[in-house]
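Undergrad: So the sequences go chain by chain: A and B. Using this note's numbering, the letters of the first sequence correspond one by one to residues 1 to 225. Using this note's numbering, the letters of the second sequence correspond one by one to residues 1001 to 1225.
Incorrect hints may have been included.
Stated by the list, open to error - In silico DMTMM-like links for lysine to aspartate or glutamate, alpha-carbon gap of 20 Å or less:
(1) 197(A) <-> 1035(B)
(2) 213(A) <-> 1032(B)
(3) 1095(B) <-> 1049(B)
(4) 29(A) <-> 1042(B)
(5) 1197(B) <-> 32(A)
(6) 95(A) <-> 1069(B)
(7) 29(A) <-> 1032(B)
(8) 29(A) <-> 1060(B)
(9) 1100(B) <-> 1035(B)
(10) 1095(B) <-> 1042(B)
(11) 155(A) <-> 1032(B)
(12) 1100(B) <-> 1225(B)
(13) 1197(B) <-> 35(A)
(14) 1152(B) <-> 32(A)
Keep in mind the hints are simulated off the structure, nothing from the lab. All values derive from a computational prediction rather than experimental measurement.
Listed below are the residues making up each chain.
Protein chains: 2
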Amino acid sequence: MTKSSKRISNILALLVLFATLAIYTPHTKAYEYWDRKVSQFDSLPVYPEDIVFLGNSITDGGHFNELFEMPNIKNRGISSDVINGVAKRLTQVTKGHPAKIFLLIGINDVAQNVSAPKLIKKYEDLVDSIISQSPETKLYLQSVMPVNHSFKRYKTLYGKDKVIIDFNKGIKEIAEKKGVTYIDLWPMLADSEGRLKRAYTNDGLHLSGAGYKAWTKGIDKYVRE
Amino acid sequence: MTKSSKRISNILALLVLFATLAIYTPHTKAYEYWDRKVSQFDSLPVYPEDIVFLGNSITDGGHFNELFEMPNIKNRGISSDVINGVAKRLTQVTKGHPAKIFLLIGINDVAQNVSAPKLIKKYEDLVDSIISQSPETKLYLQSVMPVNHSFKRYKTLYGKDKVIIDFNKGIKEIAEKKGVTYIDLWPMLADSEGRLKRAYTNDGLHLSGAGYKAWTKGIDKYVRE
């Protein structure tokens, strides 16, 4: 090796190191966050009169008991969570046999390149687990929300519009098959081109205060019925 | 320039780009998260009977109304927040004139290399604002929590042990001067060497379920007095 090619290979090694750190650090943080939340939820009981919001960061970020002014609403969202993550911690919720569960999960699985048929299979297994572990719970399956690529923020969701639409069709069919309620969130949140309204987000994926208002207003009748 | 030195400079440029992205991407995300939370808090009233937990990610992660079984506890923590961030959004809390505020803020300022005297000055300004905006609120100033470097996770906090100790001394003096309550969290959370107990964290900074239990048990008498 010449001196300069050695230097190039050293720099390349550093570059690979940086790229690896950039890819893996957020993942580790996401797992640590999941682990801490699960350990906290483990000691927080769910009661039969409770309404549980179950999902990922979009659920995690919402102050639902304040938004609905109902103290019996419990937030069981964990940022970055996926269908399997919810499945792993499901008994923390179902063993309390809550009155209602509002499920919103799957967009992070879409970002991880899972195909629509596989998403639907995973989701159906999760729904089956909820129903078998707590048949008395009224279950609401919410469609995955629209996203907005014009923020250029979540590139792992680019080109996945059809997967999201097919996944939501699958969720609707699962709801019909199992006799539970499907809630299409798109009429509440999407613009005329099927994107998450700009006024409801600041990154094209997560909800701002106005977004939470629109969502909670849209599902209010289900929460209170 | 020779061909190989050109190649080196191209690789170096890429390296700088990666490093820049690695540094700035989390920052942008942190700001976007702050901005969304603030927009949500904007429409969520605080009432005179409320107890508000105000701070950064350590507050953000806690389900205090469930941990204390008190529906009038409101979480106003925002992940990554700093003293100035809390100051900027302070009126969202103080205009409701809550019964109590539990303040826990400053560790992210420490991570940003702010010196102890500057931290104490910023913190005192914040306390003055709280007292002048809502003199009827009972204010509790909590010490910054111990950290644990053995997790090798938050390198921006390495070598800052003395800054943290001096900052906490300053918080205690501010509490005495203003006639508000200082709460030293270290007896609840630190091991014999002054580190956050391993059983209470999974990254040396943030609290696990056991950590939230220890903290909320330790401050229970202040929450209920």
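Undergrad: Would you mind marking each hint as holding or not holding in the structure?
TA: Consistency of the hints with the structure:
no. : hint                : in the structure
1   : 197(A) <-> 1035(B)  : holds (17 Å)
2   : 213(A) <-> 1032(B)  : holds (18 Å)
3   : 1095(B) <-> 1049(B) : holds (13 Å)
4   : 29(A) <-> 1042(B)   : violated (28 Å)
5   : 1197(B) <-> 32(A)   : holds (16 Å)
6   : 95(A) <-> 1069(B)   : holds (19 Å)
7   : 29(A) <-> 1032(B)   : holds (18 Å)
8   : 29(A) <-> 1060(B)   : holds (16 Å)
9   : 1100(B) <-> 1035(B) : violated (24 Å)
10  : 1095(B) <-> 1042(B) : holds (11 Å)
11  : 155(A) <-> 1032(B)  : holds (17 Å)
12  : 1100(B) <-> 1225(B) : holds (10 Å)
13  : 1197(B) <-> 35(A)   : holds (17 Å)
14  : 1152(B) <-> 32(A)   : holds (13 Å)
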